[in-house]
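K.L.:
Add chain F to chain H, keeping to what the hints say.
Given next are the chains, with one letter for each unit.
2 protein chains.
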Amino acid sequence: MLRKSRLFTPGPTPLLPVAAQAMASADIHHRTADFRALYQRVLSDLRVFIGTGNPVVLMASSGTGAMEAAVANLTSPGEKVLVLTAGKFGERWRALCKAYGCDTQQVTAEYGQAIPLEAVRGKLTPEMRVVFVQATESSTGARHPIAQIARLARENGSLLVVDAITGLGTTELDVDGWGVDVIIGGSQKALMIPPGLAYCAVSERAWQAMEKSKNPRFYFDLRKERAAGEKGESAFTPAIALVAALGAALDYIRAAGSGDLAAGRDALIHNAETAAGMTRAAARALGLQLFAPDAPSNALTAVVPPANVDSGVIVKDFRERFGAVVANGQGEMKGKIFRIAHIGYYDYLDTMGIIGALEHVIAKVTSPKHVEFGAALRAAQEVYIRAATSAQSLVASR
Amino acid sequence: MLRKSRLFTPGPTPLLPVAAQAMASADIHHRTADFRALYQRVLSDLRVFIGTGNPVVLMASSGTGAMEAAVANLTSPGEKVLVLTAGKFGERWRALCKAYGCDTQQVTAEYGQAIPLEAVRGKLTPEMRVVFVQATESSTGARHPIAQIARLARENGSLLVVDAITGLGTTELDVDGWGVDVIIGGSQKALMIPPGLAYCAVSERAWQAMEKSKNPRFYFDLRKERAAGEKGESAFTPAIALVAALGAALDYIRAAGSGDLAAGRDALIHNAETAAGMTRAAARALGLQLFAPDAPSNALTAVVPPANVDSGVIVKDFRERFGAVVANGQGEMKGKIFRIAHIGYYDYLDTMGIIGALEHVIAKVTSPKHVEFGAALRAAQEVYIRAATSAQSLVASR
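Chains as they are written, first to last, in our numbering: chain H, 1 to 398; chain F, 1 to 398.
So that you can see chain H by itself, here it is in the shape it has in the complex (with noise of 0.2 Å):
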């Protein structure tokens, strides 16, 4: 058969057609007056579509730079910090915090789990300036308490950014409910556009604390952002293809919910936790072990293999038999996990068609008599069915 090409990672993830299309026909200048209404339109479509009444800056950059934004505008070195880690992303936060030259704290906990909140709860002293976590660990598929941890990191005084790349738009996340100081998004995942753009919410504390950084900044200086945003500018070149792309797909999730757009993230949040449960469900009616079963994060889904099979094996047999690229895992998790995503741009039909592939995979690295075909498409519709229900009473109960 024939084998189109398609993303199942975490990021980027499948592309919009119409943002794709907005993004290729973008040959517009950035210091006109239809560029300040489209970006002033993104900057106030991204606060609804995070979810927060705070403002939001956009830049230039993968999401390590926005990551690198917070670490050099809210710390000092020398400064105290806590770094909550479970991962690849985690580490990320601990190397740009020993970066800038801040005293690292660190809770761990092991690949695949939560943070432990009793381990925060243990660290957390008067002078910790700020606590760093994700909302969702893309290397291992877990997702992180957001609320208690915010809730702690409140009650010790601390600041607290939160890398949501992979969570926002999958996951529910209470921004300012829960008192989230700086919560950071990409562009080439829920948002289903190419990278290239990172952006971020930042709350009144923050953007006190900011003024006390000793660290240089200047392209990652987040109050410059901010007052070029007011103005609908960026304070550099902005990537205008992206930021029109970035328009197309705002525009289609607020279509999704019916033109509200909150509705429509929150119906892409529904799409992603219906993926993610037909996938664990098809992998568990296919004997397969979850990477992450107590806390699984619904913008992915870490498969460990069967006994004795390297995960690179699964993954090439999914592309070249089928054109579906998934993610093997990251750094030392490399051969011992595959992940598929759900993050984004993907339907009911991408979910089935990912699921009746990994049969055959599975198949073929086992015994094939171990797999009875159809049997983990089957938990997948049970899933489908019961998501399909509960969201019709939702929409009914409206």
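Take these hints with a grain of salt, some might be off.
[What the hints assert, rightly or not] Which residues of chain H face chain F? A partial, calculated answer using Cβ under 8 Å:
#: 1; residue: Thr64
#: 2; residue: Arg217
#: 3; residue: Tyr219
#: 4; residue: Thr237
#: 5; residue: Ala241
[To be verified] Straight-line distance between alpha carbons at most 35 Å, and here's what the computed DSBU-like set of lysine-lysine pairs gives:
#: 6; chain 1: F; residue 1: Lys334; chain 2: F; residue 2: Lys369
#: 7; chain 1: F; residue 1: Lys4; chain 2: H; residue 2: Lys80
#: 8; chain 1: H; residue 1: Lys214; chain 2: F; residue 2: Lys224
#: 9; chain 1: H; residue 1: Lys231; chain 2: F; residue 2: Lys364
#: 10; chain 1: H; residue 1: Lys214; chain 2: F; residue 2: Lys80
#: 11; chain 1: H; residue 1: Lys334; chain 2: F; residue 2: Lys231
#: 12; chain 1: H; residue 1: Lys224; chain 2: F; residue 2: Lys214
#: 13; chain 1: F; residue 1: Lys4; chain 2: H; residue 2: Lys231
#: 14; chain 1: F; residue 1: Lys316; chain 2: H; residue 2: Lys224
#: 15; chain 1: H; residue 1: Lys123; chain 2: F; residue 2: Lys224
#: 16; chain 1: F; residue 1: Lys214; chain 2: H; residue 2: Lys98
#: 17; chain 1: H; residue 1: Lys214; chain 2: F; residue 2: Lys369
#: 18; chain 1: F; residue 1: Lys80; chain 2: H; residue 2: Lys98
#: 19; chain 1: F; residue 1: Lys98; chain 2: H; residue 2: Lys231
#: 20; chain 1: H; residue 1: Lys316; chain 2: F; residue 2: Lys224
#: 21; chain 1: F; residue 1: Lys212; chain 2: F; residue 2: Lys123
Hints in this document: simulated from the structure, not taken from any laboratory. Yeah, the Cβ is synthetic: ideal placement off N, Cα and C, and Gly gets one too.
P.N.:
Chain F only, in chain H's frame:
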């Protein structure tokens, strides 16, 4: 008549259609053999485009990001540096060096002038670590004497960092021959793709100097990008769609050189030179004063409006009657000059079209009888005929 919207701004410049198409269909993952091959080819092609044997790094940011990378990686707080400034982008070097706590000395020239070499010589002292300058100052349309500045920096033992964001692809720059240690470019200029990528080539002397810098750096750590680039990867998630566009643009430039990328780059420089020459001759034929007559850049032509006319009126009329977006002056030059770009994807028809429009626009703000319609166009044609003849001889003598 219809008004097609066209950019005549010195960045963003008009999108190359094949690059826009490549961007819109770049639905690929960055940790794959296909993307690695693309990334490696782009890095290698950029070396040819720049004309250097030095390693090139690419980053997801605006050009200012690469400028910050040069400051963050090559200086330490309190160190003496020399900024050469005669416009808005020279002032950005100064702001960056100050943000990083450098002891920032400067040589300034009037807006529209080139940096005076005698003043540079007078300011260079043995402890001056780095000299920062623009190849062409896009805010004024002036070109700085990089060959001579490089000789002075070299004799003094200083590193030379050149922002060639509008210089590359418009201006002959013998990067290695002159000894430019860091040369910086951006995607939205001669490379004819949208903003969002910056790149730089770095000399062995500069790589060594980086080891001594005491500044914090993570996202803009050039050493990290170099190491990743050698494996065909980026240190952080790359702006995939823009990288795909860049690959297509470099292929287009190669094709313009009949399969020889360096020849294609030279053809692009000759193209900008011809368009600039045509535009300058046209402005003179209309009795207009050039803002940088002594050392004009090929990237753009800055023109002084007729007496008592705000250049904003001219910019507006270009847009409203002809759909052509030309640039006003920036900062303190706003209202005092207008700028027509020649960098990147412009041909004879574009150039004649904008010059024809210029005659109408100038006729409107002066007394019509002061404009002899067709005279500026004829002056441009004479320049074109001379340039085409010399280009033909060039090809014949190869």
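K.L.:
Give me the numbers of the hints this structure contradicts, sorted from smallest to largest.
P.N.:
7, 17
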